[in-house]
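Chemist: What follows is each chain in one-letter form.
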Amino acid sequence: EAQVTQNPRYLITVTGKKLTVTCSQNMNHEYMSWYRQDPGLGLRQIYYSMNVEVTDKGDVPEGYKVSRKEKRNFPLILESPSPNQTSLYFCASSSPVGKREGRETQYFGPGTRLLVL
Amino acid sequence: SQQGEEDPQALSIQEGENATMNCSYKTSINNLQWYRQNSGRGLVHLILIRSNEREKHSGRLRVTLDTSKKSSSLLITASRAADTASYFCAPDGGSNYQLIWGAGTKLIIKP
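In the order they appear, the protein sequences are chains A and B.
In terms of our numbering, the first sequence opens at residue 22 and continues consecutively.
In terms of our numbering, the second sequence opens at residue 25 and continues consecutively.
Hints are computed from structural coordinates only; laboratory data are not their basis.
Accuracy of the hints is not assured; some may be wrong.
[To be verified] Chain A side only, calculated, beta carbon under 10 Å to chain B, not exhaustive:
#1 I33
#2 G61
#3 E125
#4 Q127
[What the hints assert, rightly or not] Restricting the straight-line Cα-Cα distance to at most 20 Å, the calculated cross-link-like pairs of lysine to any residue (SDA-like) are:
#5 A/K86 - A/G61
#6 B/K93 - B/Q27
#7 B/K50 - A/A23
#8 B/K130 - A/A23
#9 A/K39 - A/L62
#10 B/K130 - A/G63
#11 A/K78 - B/K93
#12 B/K130 - A/L62
#13 B/K50 - A/N105
#14 B/K80 - A/E125
#15 B/K50 - A/L109
#16 B/K130 - A/K86
#17 A/K92 - A/A23
#18 B/K80 - A/G61
#19 B/K50 - A/L62
#20 B/K130 - B/S95
#21 B/K130 - A/G61
#22 B/K130 - A/K78
#23 B/K93 - B/E77
Cβ atoms here follow ideal geometry from the backbone N, Cα and C, with glycine treated the same way.
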């Protein structure tokens, strides 16, 4: 079954304690992306990756890091979480990536609810 | 960057009625997609319409695209309680990989 998985689904942590949210897709997609969703603000893109070892900042990258060492995985790292990073996080993937084609259907993970105390 | 803005922000209708949501964007696109999100869950792709298409159907969904007005609409016919969700449009220009999503239209179907 084609899917995007995220772990953990729920996480409560404290300010400053480094954490990683994993994202994995089994569709061989080139493009992967992380979003955060906050009430009234819709989805905001944090980072995206066009392929292995290629990552770029989205709209709200501050306080986050990502890596893309393998095509299927795109972890989101919070080196020193703060309460303003309390949010609902989504990972998504799609293919193809091209100036003429744009993205095809984006597949979203189930979301990770993060609470930073 | 591409940005889709949905209108209205919220829509409440009776079951069985049709629901229409609109999306506006600012720059040229290769395609435009609509997604649905049930409360607190991941987004689910509904339909993709390419820039050279004007209308597309999928079951009870009908999407139109007017590139001259930079707008799209999503029509859900014969609404059901299960259609209660937030709906987002995602215009994709292709040349810029940064996507900015709107706040969506929150649709409530009353039984």
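Chemist: Checking against the hints above, which ones are violated?
Modeler: The structure conflicts with hints 1, 5, 7, 8, 9, 11, 13, 15, 16, 18 and 22, although it agrees with all the remaining ones.
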